[in-house]
Amino acid sequence: MTDAPATIADASASRSKGSLLEKDARTKKRNAAETRFKAYGIIAIGIGLAFLAALVFSIVRNGVPAFTQTYVTVPITLEAETLDPEGNRDPADISGVMTFAYSPLIQQGLQSALEEADVETDMSASDLTKMLSSSAENTVRQRVVSNPDLIGETEEFRLLASSRVDGYLKGRVERADLERDRNLDAAHLDIVDQLQEAGVVSRTFNMDFILGTDASDNRPEQAGIGASMLGSFFMMLVVLALALPIGVAASIYLEEFAPKNKFTDLIEVNISNLAAVPSIVFGILGLAAFIQFAGLPQSAPLVGGLVLTLMTLPTIIISTRASLKSVPPSIRDAALGVGASPMQAVFHHVLPLAAPGILTGTIIGLAQALGETAPLLLIGMVGFIASNYPEGVASGFLDPNSAMPAQIYEWAKRADPAFYERAWGGIIILLVFLLSMNLLAIILRRRFERRW
Amino acid sequence: MPFYWILPVLLVIAAVGYVLGRGRAMRSADGDARNLHSLPNYYGVHAVIAGLVPAALLLAAWAVVQPIVVDTWVSQSISESRMQEAGSRGLAMSEVRRLAAGLETAVERGAITAERARSASQSMDIDDLREAVSGAGIALTGNIAPETLENAQRYNRISAVGSAIKTVLVLLLSLAGTAYAVSQTTKEFRARKSVEHGVMALLIGAACLAIFTTIGIVLSLIFNTIEFLRLYPAMDFFFGTTWSPSFTGRGGASQLGILPLLWGTFYISLVALLVAVPIGLFAAIYLSEYASKPVRGIAKPLLEILAGIPTIVYGLFALLTVGPLLVSTFGDDGWLGVDWMDGGTAVMTAGLVMGIMLIPFVSSLSDDIINSVPQAMRDGSLGLGATHSETVRQVVMPAALPGIVGAVLLAASRAIGETMIVVLGAGAAAQISGNPFESMTTVTAKIVSQLTGDADFNSPEALVAFALGMTLFVFTLGLNVVALYIVRKYREELE
Numbered sequence: 001m002t003d004a005p006a007t008i009a010d011a012s013a014s015r016s017k018g019s020l021l022e023k024d025a026r027t028k029k030r031n032a033a034e035t036r037f038k039a040y041g042i043i044a045i046g047i048g049l050a051f052l053a054a055l056v057f058s059i060v061r062n063g064v065p066a067f068t069q070t071y072v073t074v075p076i077t078l079e080a081e082t083l084d085p086e087g088n089r090d091p092a093d094i095s096g097v098m099t100f101a102y103s104p105l106i107q108q109g110l111q112s113a114l115e116e117a118d119v120e121t122d123m124s125a126s127d128l129t130k131m132l133s134s135s136a137e138n139t140v141r142q143r144v145v146s147n148p149d150l151i152g153e154t155e156e157f158r159l160l161a162s163s164r165v166d167g168y169l170k171g172r173v174e175r176a177d178l179e180r181d182r183n184l185d186a187a188h189l190d191i192v193d194q195l196q197e198a199g200v201v202s203r204t205f206n207m208d209f210i211l212g213t214d215a216s217d218n219r220p221e222q223a224g225i226g227a228s229m230l231g232s233f234f235m236m237l238v239v240l241a242l243a244l245p246i247g248v249a250a251s252i253y254l255e256e257f258a259p260k261n262k263f264t265d266l267i268e269v270n271i272s273n274l275a276a277v278p279s280i281v282f283g284i285l286g287l288a289a290f291i292q293f294a295g296l297p298q299s300a301p302l303v304g305g306l307v308l309t310l311m312t313l314p315t316i317i318i319s320t321r322a323s324l325k326s327v328p329p330s331i332r333d334a335a336l337g338v339g340a341s342p343m344q345a346v347f348h349h350v351l352p353l354a355a356p357g358i359l360t361g362t363i364i365g366l367a368q369a370l371g372e373t374a375p376l377l378l379i380g381m382v383g384f385i386a387s388n389y390p391e392g393v394a395s396g397f398l399d400p401n402s403a404m405p406a407q408i409y410e411w412a413k414r415a416d417p418a419f420y421e422r423a424w425g426g427i428i429i430l431l432v433f434l435l436s437m438n439l440l441a442i443i444l445r446r447r448f449e450r451r452w
Numbered sequence: 453m454p455f456y457w458i459l460p461v462l463l464v465i466a467a468v469g470y471v472l473g474r475g476r477a478m479r480s481a482d483g484d485a486r487n488l489h490s491l492p493n494y495y496g497v498h499a500v501i502a503g504l505v506p507a508a509l510l511l512a513a514w515a516v517v518q519p520i521v522v523d524t525w526v527s528q529s530i531s532e533s534r535m536q537e538a539g540s541r542g543l544a545m546s547e548v549r550r551l552a553a554g555l556e557t558a559v560e561r562g563a564i565t566a567e568r569a570r571s572a573s574q575s576m577d578i579d580d581l582r583e584a585v586s587g588a589g590i591a592l593t594g595n596i597a598p599e600t601l602e603n604a605q606r607y608n609r610i611s612a613v614g615s616a617i618k619t620v621l622v623l624l625l626s627l628a629g630t631a632y633a634v635s636q637t638t639k640e641f642r643a644r645k646s647v648e649h650g651v652m653a654l655l656i657g658a659a660c661l662a663i664f665t666t667i668g669i670v671l672s673l674i675f676n677t678i679e680f681l682r683l684y685p686a687m688d689f690f691f692g693t694t695w696s697p698s699f700t701g702r703g704g705a706s707q708l709g710i711l712p713l714l715w716g717t718f719y720i721s722l723v724a725l726l727v728a729v730p731i732g733l734f735a736a737i738y739l740s741e742y743a744s745k746p747v748r749g750i751a752k753p754l755l756e757i758l759a760g761i762p763t764i765v766y767g768l769f770a771l772l773t774v775g776p777l778l779v780s781t782f783g784d785d786g787w788l789g790v791d792w793m794d795g796g797t798a799v800m801t802a803g804l805v806m807g808i809m810l811i812p813f814v815s816s817l818s819d820d821i822i823n824s825v826p827q828a829m830r831d832g833s834l835g836l837g838a839t840h841s842e843t844v845r846q847v848v849m850p851a852a853l854p855g856i857v858g859a860v861l862l863a864a865s866r867a868i869g870e871t872m873i874v875v876l877g878a879g880a881a882a883q884i885s886g887n888p889f890e891s892m893t894t895v896t897a898k899i900v901s902q903l904t905g906d907a908d909f910n911s912p913e914a915l916v917a918f919a920l921g922m923t924l925f926v927f928t929l930g931l932n933v934v935a936l937y938i939v940r941k942y943r944e945e946l947e
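Those protein sequence lines, which keep their order, are chains X and R.
Read in order, the letters of the first sequence correspond to residues 1 to 452 in the working numbering.
Read in order, the letters of the second sequence correspond to residues 453 to 947 in the working numbering.
Think of the hints as simulated: they come from the structure by calculation, not from any bench.
Misleading hints may appear alongside valid ones.
Below, a list of computed lysine to any residue pairs in the SDA-like style, where the Cα atoms sit at most 25 angstroms apart [claimed, not checked]: (1) X/LYS130 <-> X/GLN108; (2) X/LYS130 <-> X/TYR420; (3) X/LYS413 <-> R/ASP523; (4) X/LYS413 <-> X/VAL56; (5) X/LYS23 <-> R/GLY835; (6) X/LYS262 <-> R/ALA653; (7) X/LYS23 <-> R/VAL651; (8) R/LYS639 <-> R/ALA759; (9) R/LYS645 <-> X/VAL338; (10) X/LYS23 <-> R/GLN846; (11) X/LYS29 <-> X/ILE42; (12) R/LYS745 <-> X/PHE37; (13) X/LYS262 <-> R/LEU654; (14) R/LYS745 <-> X/LEU49; (15) R/LYS618 <-> R/VAL468; (16) X/LYS413 <-> X/PHE37; (17) R/LYS745 <-> R/LEU654; (18) X/LYS29 <-> R/TYR742; (19) R/LYS745 <-> R/ALA759; (20) R/LYS745 <-> R/GLU756; (21) X/LYS23 <-> R/LEU836; (22) X/LYS23 <-> R/LEU654; (23) X/LYS130 <-> X/ASP217; (24) R/LYS745 <-> X/LYS170; (25) R/LYS645 <-> R/GLY483; (26) R/LYS745 <-> X/ILE443; (27) R/LYS618 <-> R/ASP523; (28) X/LYS170 <-> X/GLY152; (29) R/LYS618 <-> R/LEU463; (30) R/LYS745 <-> X/ARG36; (31) X/LYS260 <-> R/LEU654; (32) R/LYS645 <-> R/GLY475; (33) X/LYS413 <-> X/GLY392; (34) X/LYS170 <-> X/PRO65; (35) R/LYS745 <-> X/ILE42; (36) R/LYS645 <-> X/GLU255; (37) X/LYS413 <-> R/GLU842; (38) X/LYS29 <-> R/LEU836; (39) R/LYS745 <-> R/LEU671; (40) X/LYS38 <-> R/PRO826.
All chains should be built: construct the whole structure from the sequences, respecting the hints.
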């Protein structure tokens, strides 16, 4: 107490030395700390956005090449004596000719293409075909089988180039890389350069990547994401058909009817915990409950859909409850006031008003489910080649298939770096889907959501 | 086939019930809906519910119970010698089941006649049968013992009888339910009440699915974990420091100690949190305390994009972009000139990328929490002459601290349970080491590798995945419960 006046006097003495126009050292220090603190925040946001930019940049840079593919245009003379030895153009006989018989024709075709382009080489014909994808014979055969009239004519075929040639044109493969490569030599690349000038080798948009099926390990140039897109589509159908009604029903009960008691608390605790359970645990559940116990088929989109339904439910329930809560109580009171039962009030009045919010939440939940990978690994949606489209609706649900994220994982695991490009391309397609779903959700929210 | 027929028949019964119930109600009210207790449609729907729900429940219960009953029934007739040959009763039984399913499919596809599938018994028939069955696309392993065939036929016979009984009972129940509901219908009958009771039961059932899911998770983990601990000593699992499963698939010299995996998990999560927490926290502080409205309106959604990107994308980013980048920095011939890193997959790679993924998670949770600190506290501090940053550090942060701790714990539980980034980015070597540039592996990555390999499902090598899953579940559940408790407590305190 006694020295209080003294300190005040001291303080006023020290203050009187300073000027209002000139900041003292302490104020400067404090202001500098302020600036620093603010700068930390800006730097943090900057780093976050830089990471985002790096991610987007690396996706686009690595993924865009997957959407173009190198083709070689080869005129092939479809000799009748090899392809139709009986000479009767019988489709059964023609489809009896194996792909093996087509390779000499392709070799000849390739050689004549080289001659036309004035490319000189001392390479043997069979060495030359290394430039082509090993799917070339099959491509030619399928076209001949579906159209036997072509036999005997010389047709122009656009054949897939091998993944190394494709990689060379995209800058992925250098001459130095090929020194220890069994599949292609640097000499091939010289030919490719000349053929490209002559217009025989060209890069065009690759629809097969978007719509096609997966291919085996040694044909990255042929792999496409179409079949697994269908797998994802069937899974999303299952999720939509189950998660939406169940989620809405559960939310209506919890938000509108549930009494406040231990049982309701238990449900709520369960929902909030399920929302935070790691996705891989849902995969274990799917494996043990749906495949081991219930005996559903492995790798089936139906099982994937069931697992993703359980995963998506908490998301949908949380967002549905929020939109039910945002409907003002006066709506319910008015409905009850004119004689509706509580259930009629909810189903006839509250639910339609909450519908846009519910829909938005559902779309966001579906987008989450679409990108989920880990549980799908455990129920067997990887490790095989999704090389067939499902034959119908039932087989779409029940036959083994892959899903987009599982397919991307599968490609990322393969040895040939040519598959990495496919994986990045697959990610672009996946992100386009996610982006459009989220945009749809935002538009729905802007357009229909009411502020009370 | 009958199963596909039950559903349409049930629907027809329900439709008839609707018309009858509604019609009877209208007749009893002399055609004037105002005399009824409920709206006319409720009488129809009442009949539909009575016709469908009990029948559907029976159908579902039967589908679960029948295979179990048939299994126990048939497995009793497996002889001792057969059991020894196959290894165990369960294995012998699964052979029987596979053959039974093969026969069914073969008959369905017309490869053999139903008559032959039922009666083939001589050993010379078996070879033909085998060919027919595998011709229909069902691969059978090993030789078919006559006894197995007999049991498979028994299995199919009993199943067929069971299905027939099921069909009859379900249809009878549906008819009885409809008839009862229609007979109840008079103009005084409170149809709306009973329909609403039914709907309410459905709503409660849907809400209970969350409980069933949790129970399902716990049961599927526990049973298989117990099975695993019977085959492998618990002490070695929980305290073993070596993880080296044998690749033969059937028991043997596997060492399955969880400690290296836990170490990898925690190390990677730690790196991730070291990246995510400072960046996320400072971003949240800036966005909630300093940023102008337009900046906030742009930066916040952009940061949240990071949260919406699927984890497989981050995994690929780690494997193909960040890993090589780190090697070219810290590796041999790197521009730092230090030789710390050999391969692209390492703790650092996975941790860094996981940190990026967690930034928006930390920042939006912290943002909410900082925003819920009352403005009066800030005003008081600013009024006393504190600068903005002093207010944030000395007033806002201490008030928000419990909530932020909760947010960090939630982020940690995310990091521990994250799978795709570590599967692709962290490598596969299970080791305990302090070097963040070495490859390590985690609990989640090993769950994936143990369950996607070729290991026999009943071997310890596959079952260990469930024990790992159990550990993971317990850890994340504990973290979540604590975190949610802290966040909730904190909210209540401020309100």
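Hints and how they fare:
1. X/LYS130 <-> X/GLN108: holds (13 angstroms)
2. X/LYS130 <-> X/TYR420: holds (21 angstroms)
3. X/LYS413 <-> R/ASP523: violated (40 angstroms)
4. X/LYS413 <-> X/VAL56: Holds: X/LYS413 and X/VAL56 sit about 21 angstroms apart, inside 25 angstroms.
5. X/LYS23 <-> R/GLY835: holds (20 angstroms)
6. X/LYS262 <-> R/ALA653: holds (18 angstroms)
7. X/LYS23 <-> R/VAL651: Judged against 25 angstroms, a Cα distance of about 73 angstroms means the pair is violated.
8. R/LYS639 <-> R/ALA759: violated (58 angstroms)
9. R/LYS645 <-> X/VAL338: With a Cα-Cα distance of about 18 angstroms, the restraint between R/LYS645 and X/VAL338 holds, given a limit of 25 angstroms.
10. X/LYS23 <-> R/GLN846: holds (23 angstroms)
11. X/LYS29 <-> X/ILE42: The given pair, whose Cα atoms are some 20 angstroms apart, holds under the 25 angstroms limit.
12. R/LYS745 <-> X/PHE37: OK: R/LYS745 and X/PHE37 at ~19 angstroms, within 25 angstroms.
13. X/LYS262 <-> R/LEU654: Cα-Cα ~20 angstroms, so holds.
14. R/LYS745 <-> X/LEU49: holds (18 angstroms)
15. R/LYS618 <-> R/VAL468: Satisfied, since the Cα-Cα distance of roughly 22 angstroms is no more than 25 angstroms.
16. X/LYS413 <-> X/PHE37: Violated, at roughly 44 angstroms.
17. R/LYS745 <-> R/LEU654: Roughly 46 angstroms separates the two Cα atoms, so the pair is violated.
18. X/LYS29 <-> R/TYR742: holds (20 angstroms)
19. R/LYS745 <-> R/ALA759: holds (22 angstroms)
20. R/LYS745 <-> R/GLU756: holds (17 angstroms)
21. X/LYS23 <-> R/LEU836: Holds: X/LYS23 and R/LEU836 sit about 18 angstroms apart, inside 25 angstroms.
22. X/LYS23 <-> R/LEU654: violated (72 angstroms)
23. X/LYS130 <-> X/ASP217: holds (16 angstroms)
24. R/LYS745 <-> X/LYS170: Judged against 25 angstroms, a Cα distance of about 44 angstroms means the pair is violated.
25. R/LYS645 <-> R/GLY483: holds (21 angstroms)
26. R/LYS745 <-> X/ILE443: Given pair R/LYS745, X/ILE443 holds - Cα atoms ~22 angstroms apart, limit 25 angstroms.
27. R/LYS618 <-> R/ASP523: holds (17 angstroms)
28. X/LYS170 <-> X/GLY152: violated (36 angstroms)
29. R/LYS618 <-> R/LEU463: Satisfied, since the Cα-Cα distance of roughly 17 angstroms is no more than 25 angstroms.
30. R/LYS745 <-> X/ARG36: Roughly 21 angstroms between the alpha carbons, so the hint for R/LYS745 and X/ARG36 holds.
31. X/LYS260 <-> R/LEU654: Holds: X/LYS260 and R/LEU654 sit about 19 angstroms apart, inside 25 angstroms.
32. R/LYS645 <-> R/GLY475: With a Cα-Cα distance of about 19 angstroms, the restraint between R/LYS645 and R/GLY475 holds, given a limit of 25 angstroms.
33. X/LYS413 <-> X/GLY392: violated (30 angstroms)
34. X/LYS170 <-> X/PRO65: This hinted pair holds, its Cα atoms lying about 7 angstroms apart.
35. R/LYS745 <-> X/ILE42: Cα-Cα ~15 angstroms, so holds.
36. R/LYS645 <-> X/GLU255: holds (21 angstroms)
37. X/LYS413 <-> R/GLU842: Roughly 51 angstroms between the alpha carbons, so the hint for X/LYS413 and R/GLU842 is violated.
38. X/LYS29 <-> R/LEU836: Holds - the C-alpha atoms of R/LEU836 and X/LYS29 are around 18 angstroms apart, at most 25 angstroms.
39. R/LYS745 <-> R/LEU671: Between R/LYS745 and R/LEU671 the Cα gap is close to 50 angstroms, so the pair fails against 25 angstroms, i.e. violated.
40. X/LYS38 <-> R/PRO826: holds (21 angstroms)
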